[in-house]
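First to last, the sequence lines map onto chains A and B. Counting along the first sequence from 1, when you hit position 10 you're at 10 in this note's numbering, and nothing is skipped either side. Counting along the second sequence from 1, when you hit position 219 you're at 219 in this note's numbering, and nothing is skipped either side.
To be clear, the hints were calculated from the coordinates, so they are not data collected in a lab. Some clues are possibly wrong.
To be verified - In silico DSBU-like cross-links for lysine-lysine, where the CA-CA straight-line distance does not exceed 35 angstroms: (1) 282/B x 198/A; (2) 399/A x 282/B; (3) 389/A x 282/B; (4) 241/A x 186/B; (5) 237/A x 264/B.
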Amino acid sequence: MISQLSWKVGGQQGEGIESTGEIFSMAMNRMGYHLYSYRHFSSRIKGGHTNNKIRVSTKPMRAISDDLDILVAFDQETIDFNAHELREGGIIIADAKFNPKLPEGLKEVRFFTVPLSEIADELGTSLMKNMVSIGASSAILGIPAESYRNIVEDMFLRKGEKVVEKNMEAIRRGFDFVNELTGGQLPEFQLEKAEGQKQLFLIGNDAIALGAVAAGCRFMPAYPITPASEIMEYLIKKLPKFGGTVIQTEDEIAAITMAIGANFGGVRAMTASAGPGLSLMMEAIGLAGITETPVVIVDTQRGGPSTGMPTKQEQSDVNAMIYGTHGDIPKVVIAPSTVEECFYDTVEAFNIAEEYQLPVILMTDLTLSLGKQTVDPFDYSKVEIRRGKLLAGQELPEKEQNDLFKRYEVTEDGVSPRVIPGQKYGLHHVTGVEHDQTGRPSENAANRVAQMDKRMRKLEGVLKTFKNPVVFDAKHEEADVLIVGINSTIGTIQEAKARLENEGVKVNHAQIRLIHPFPAEQLKAHVEKAKQVIVVEHNAQAQVTNLLKQHVGHAEKIQSVLKYDGNPFLPKEIYSEVKGLIKHGDFERVSQ
Amino acid sequence: MATLKEFRNNVKPNWCPGCGDFSVQASIQRAAANVGLEPEQLAVVSGIGCSGRISGYINCYGFHGVHGRALPIAQGLKMANRELTVIAAGGDGDGFAIGMGHTVHAIRRNMNITYIVMDNQIYGLTKGQTSPRSATGFVTKSTPAGSIESAISPVELALSVGATFVAQSFSSDLKGLTELIEMGIKHEGFSLINVFSPCVTYNKVNTYDWFKENIVPVDTIEGYDPHDRIKAMATSMQYKGLLTGLIYQNTEQKAYEQLVTGFKEESLAGQDIRMSEEDFAKLVAEFA
Numbered sequence: 001m002i003s004q005l006s007w008k009v010g011g012q013q014g015e016g017i018e019s020t021g022e023i024f025s026m027a028m029n030r031m032g033y034h035l036y037s038y039r040h041f042s043s044r045i046k047g048g049h050t051n052n053k054i055r056v057s058t059k060p061m062r063a064i065s066d067d068l069d070i071l072v073a074f075d076q077e078t079i080d081f082n083a084h085e086l087r088e089g090g091i092i093i094a095d096a097k098f099n100p101k102l103p104e105g106l107k108e109v110r111f112f113t114v115p116l117s118e119i120a121d122e123l124g125t126s127l128m129k130n131m132v133s134i135g136a137s138s139a140i141l142g143i144p145a146e147s148y149r150n151i152v153e154d155m156f157l158r159k160g161e162k163v164v165e166k167n168m169e170a171i172r173r174g175f176d177f178v179n180e181l182t183g184g185q186l187p188e189f190q191l192e193k194a195e196g197q198k199q200l201f202l203i204g205n206d207a208i209a210l211g212a213v214a215a216g217c218r219f220m221p222a223y224p225i226t227p228a229s230e231i232m233e234y235l236i237k238k239l240p241k242f243g244g245t246v247i248q249t250e251d252e253i254a255a256i257t258m259a260i261g262a263n264f265g266g267v268r269a270m271t272a273s274a275g276p277g278l279s280l281m282m283e284a285i286g287l288a289g290i291t292e293t294p295v296v297i298v299d300t301q302r303g304g305p306s307t308g309m310p311t312k313q314e315q316s317d318v319n320a321m322i323y324g325t326h327g328d329i330p331k332v333v334i335a336p337s338t339v340e341e342c343f344y345d346t347v348e349a350f351n352i353a354e355e356y357q358l359p360v361i362l363m364t365d366l367t368l369s370l371g372k373q374t375v376d377p378f379d380y381s382k383v384e385i386r387r388g389k390l391l392a393g394q395e396l397p398e399k400e401q402n403d404l405f406k407r408y409e410v411t412e413d414g415v416s417p418r419v420i421p422g423q424k425y426g427l428h429h430v431t432g433v434e435h436d437q438t439g440r441p442s443e444n445a446a447n448r449v450a451q452m453d454k455r456m457r458k459l460e461g462v463l464k465t466f467k468n469p470v471v472f473d474a475k476h477e478e479a480d481v482l483i484v485g486i487n488s489t490i491g492t493i494q495e496a497k498a499r500l501e502n503e504g505v506k507v508n509h510a511q512i513r514l515i516h517p518f519p520a521e522q523l524k525a526h527v528e529k530a531k532q533v534i535v536v537e538h539n540a541q542a543q544v545t546n547l548l549k550q551h552v553g554h555a556e557k558i559q560s561v562l563k564y565d566g567n568p569f570l571p572k573e574i575y576s577e578v579k580g581l582i583k584h585g586d587f588e589r590v591s592q
Numbered sequence: 001m002a003t004l005k006e007f008r009n010n011v012k013p014n015w016c017p018g019c020g021d022f023s024v025q026a027s028i029q030r031a032a033a034n035v036g037l038e039p040e041q042l043a044v045v046s047g048i049g050c051s052g053r054i055s056g057y058i059n060c061y062g063f064h065g066v067h068g069r070a071l072p073i074a075q076g077l078k079m080a081n082r083e084l085t086v087i088a089a090g091g092d093g094d095g096f097a098i099g100m101g102h103t104v105h106a107i108r109r110n111m112n113i114t115y116i117v118m119d120n121q122i123y124g125l126t127k128g129q130t131s132p133r134s135a136t137g138f139v140t141k142s143t144p145a146g147s148i149e150s151a152i153s154p155v156e157l158a159l160s161v162g163a164t165f166v167a168q169s170f171s172s173d174l175k176g177l178t179e180l181i182e183m184g185i186k187h188e189g190f191s192l193i194n195v196f197s198p199c200v201t202y203n204k205v206n207t208y209d210w211f212k213e214n215i216v217p218v219d220t221i222e223g224y225d226p227h228d229r230i231k232a233m234a235t236s237m238q239y240k241g242l243l244t245g246l247i248y249q250n251t252e253q254k255a256y257e258q259l260v261t262g263f264k265e266e267s268l269a270g271q272d273i274r275m276s277e278e279d280f281a282k283l284v285a286e287f288a
């Protein structure tokens with residue numbers, strides 16, 4: 001009996017690899033297992049190797065595993081690319097159609113050639129080879145073919161009973177074929193029974209989109225881009241049910257400025273993009289800053305710079321998000337690290353944007369945005385809507401003509417009353433030009449300083465009120481090492497930490513969730529009580545490391561483990577890199 | 001009911017004496033009063049440049065944005081608050097150079113917005129460089145040997161991308177311009193009004209006198225029909241883009257907001273944004 005298992009299916013893009021993984025994981029989710037998946041894909045529609053790696057566990061985890069138990073291969077390339085990941089005794093299930101061969105120098109693996117395509121063709125459609133492969137995998141795991149019935153019905157019942165039966169037949173045939181080969185289920189692949197709690201299974205982008213609808217976002221202008229488009233696609237489907245809509249704009253500049261216009265108009269509006277889009281939005285983000293217009297922007301980080309590696313993991317927009325746009329504006333950057341946080345943080349992003357009247361960037365990375373995870377059901381009672389100093393019409397005192405509403409009144413917390421256009425006594429003018437309290441252009445020196453200070457003061461409030469700006473798992477009063485990360489690396493760091501602790505290393509862990517303004521106070525105490533601090537991040541310039549050094553100091557004991565080859569960290573990589581740094585005390589070393 | 005006076009504020013424009021933009025400002029104020037708007041029912045969104053300042057010179061809600069982006073801001077505002085009358089305004093650089101992409105797509109999208117271009121065929125605020133509206137051969141600081149690019153025709157451009165309302169006017173013609181703006185506001189869809197608005201400081205070619213000699217009001221053309229798109233295109237080409245008046249209108253095409261699935265008549269901004277627990281549970285169930 002095992003408590004976790006790693007399964008991967010691979011083939012050419014466009015031949016149903018994703019849906020094969022989807023059906024397999026849906027079944028596992030319904031059986032109550034915890035899941036974490038990662039898709040390897042390229043920036044093209046058809047062709048090119050793609051795979052979907054799914055980790056199944058009886059306990060919650062948030063990382064792909066170092067190795068692989070079962071590999072389902074629809075072509076030779078899948079074997080050549082992925083077989084090295086298999087653990088000793090692991091299994092390859094390969095379609096007999098392509099005469100699969102084992103690459104040289106592979107450790108001991110079991111190799112099952114199964115007529116996946118042939119069985120599918122006999123059943124009438126070659127696409128059904130996916131179902132046959134699921135049946136074949138299930139024979140190894142000891143999952144009865146009938147367990148898939150309700151999923152298959154959910155998927156195909158609308159196409160008729162016949163289609164359901166055909167698919168069930170495909171699963172059965174795959175199951176029977178492998179069952180005969182192995183002479184029954186293999187005990188070393190049998191998963192312990194799951195706790196069986198009901199869980200959601202979704203990608204970070206789905207959680208963001210759902211969070212946006214729950215937060216009352218009713219308008220999204222956006223431009224398609226990998227890996228952000230799912231947010232837009234979800235809202236295209238759902239917003240009309242709540243009176244809202246999505247506009248696919250001509251570019252990201254239109255997307256952000258339209259979102260700013262809509263927020264000025266009183267509607268919660270957002271846009272979502274990745275690095276290239278974020279770069280185009282920079283001038284308008286400054287406009288939101290100086291006009292104090294709330295707006296939420298999602299940046300799903302991918303491999304940069306320029307077009308970079310659009311379908312690959314990276315965390316290299318950190319500097320751009322913090323420092324981007326010319327001039328000084330207050331801006332908030334939030335970095336959720338789990339799918340759950342993606343949901344709740346999106347709601348909070350809208351609240352902060354309106355309470356403080358500034359742009360909020362929700363930062364994710366590709367692994368978090370596209371990786372599917374099981375999470376506890378979202379709790380709607382935790383969804384709070386706070387609109388800050390937004391005044392309704394009846395709250396506005398009568399005014400004479402030319403006695404303008406003080407939209408930029410200098411206040412202690414830096415936040416001024418806001419009014420939605422259309423109110424009789426709320427007339428005002430907003431401008432990206434420096435302005436006085438009524439919004440009229442002014443280059444008066446004292447006014448400039450008063451307005452700039454008022455705007456920047458808002459960040460103090462954010463820093464004071466933001467809940468859990470850093471997630472700590474730091475039980476050691478004196479740690480050998482503090483590992484720091486952002487976004488999707490949380491689970492991988494947790495696993496590396498567990499291994500290091502098994503070897504007697506005292507490890508504390510901090511996952512930073514509020515990137516800007518930087519939660520220096522919270523981090524400082526933990527940095528001080530660690531002998532060494534190691535920041536794990538997916539970029540070449542050690543962007544988060546430098547933030548930590550800048551805001552917390554202690555540069556002499558802060559090092560980095562960097563990865564920017566496009567693939568997410570594996571637990572063993574963080575484990576060995578961190579271990580190497582501890583042992584050697586080599587302060588310059590970074591990974592390649 | 002508000003009169004012209006209510007749309008005036010006490011801000012003194014920073015335009016040069018004699019600038020064509022003064023009458024554009026006055027025409028917007030007159031048109032707003034004439035169609036029966038109250039100041040709070042109007043929002044003027046403008047771009048950057050001399051003309052971009054116009055949103056601050058009219059007593060109504062105003063948004064002075066970034067260069068070239070008046071139209072997407074105006075469209076976002078309109079989507080949020082469709083009960084507002086939204087006028088976008090800016091110069092020819094704003095609309096046909098840096099913001100050209102937005103201009104074309106805003107026309108295609110056909111939201112119920114009026115877009116007024118103050119077209120002086122030169123960059124004024126940056127002190128006299130060429131514009132996409134400058135004629136070939138036009139000498140400026142940035143084209144000392146004369147522009148070697150061809151000029152855009154706003155009318156032909158708009159017609160080619162499916163405009164439902166195209167008008168052109170001359171800032172000396174306060175009455176005609178006011179009427180066109182009123183028509184544009186009333187038009188259910190996107191209305192483009194390109195206004196020849198001379199720059200008295202930097203454009204010594206396309207002056208008031210030059211326009212008086214060269215513009216051709218469409219109502220002086222026998223048999224001109226503003227509902228005939230092909231004829232509008234041909235006539236504009238024939239008169240080198242110098243037509244004035246209502247050049248084309250399509251009253252059949254519905255405005256964008258009227259075509260959006262599930263979009264209500266009342267402003268989105270006025271609606272309750274909190275969903276029911278039941279609706280939330282339904283959404284979440286899709287991921288179970």
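Comparing the hints with the structure gives:
{"no.": "1", "hint": "282/B x 198/A", "verdict": "holds, 15 angstroms"}
{"no.": "2", "hint": "399/A x 282/B", "verdict": "violated, 46 angstroms"}
{"no.": "3", "hint": "389/A x 282/B", "verdict": "holds, 32 angstroms"}
{"no.": "4", "hint": "241/A x 186/B", "verdict": "holds, 30 angstroms"}
{"no.": "5", "hint": "237/A x 264/B", "verdict": "holds, 17 angstroms"}
Checked against the numbered hints listed earlier, the structure breaks hint 2 alone; every other hint is satisfied.
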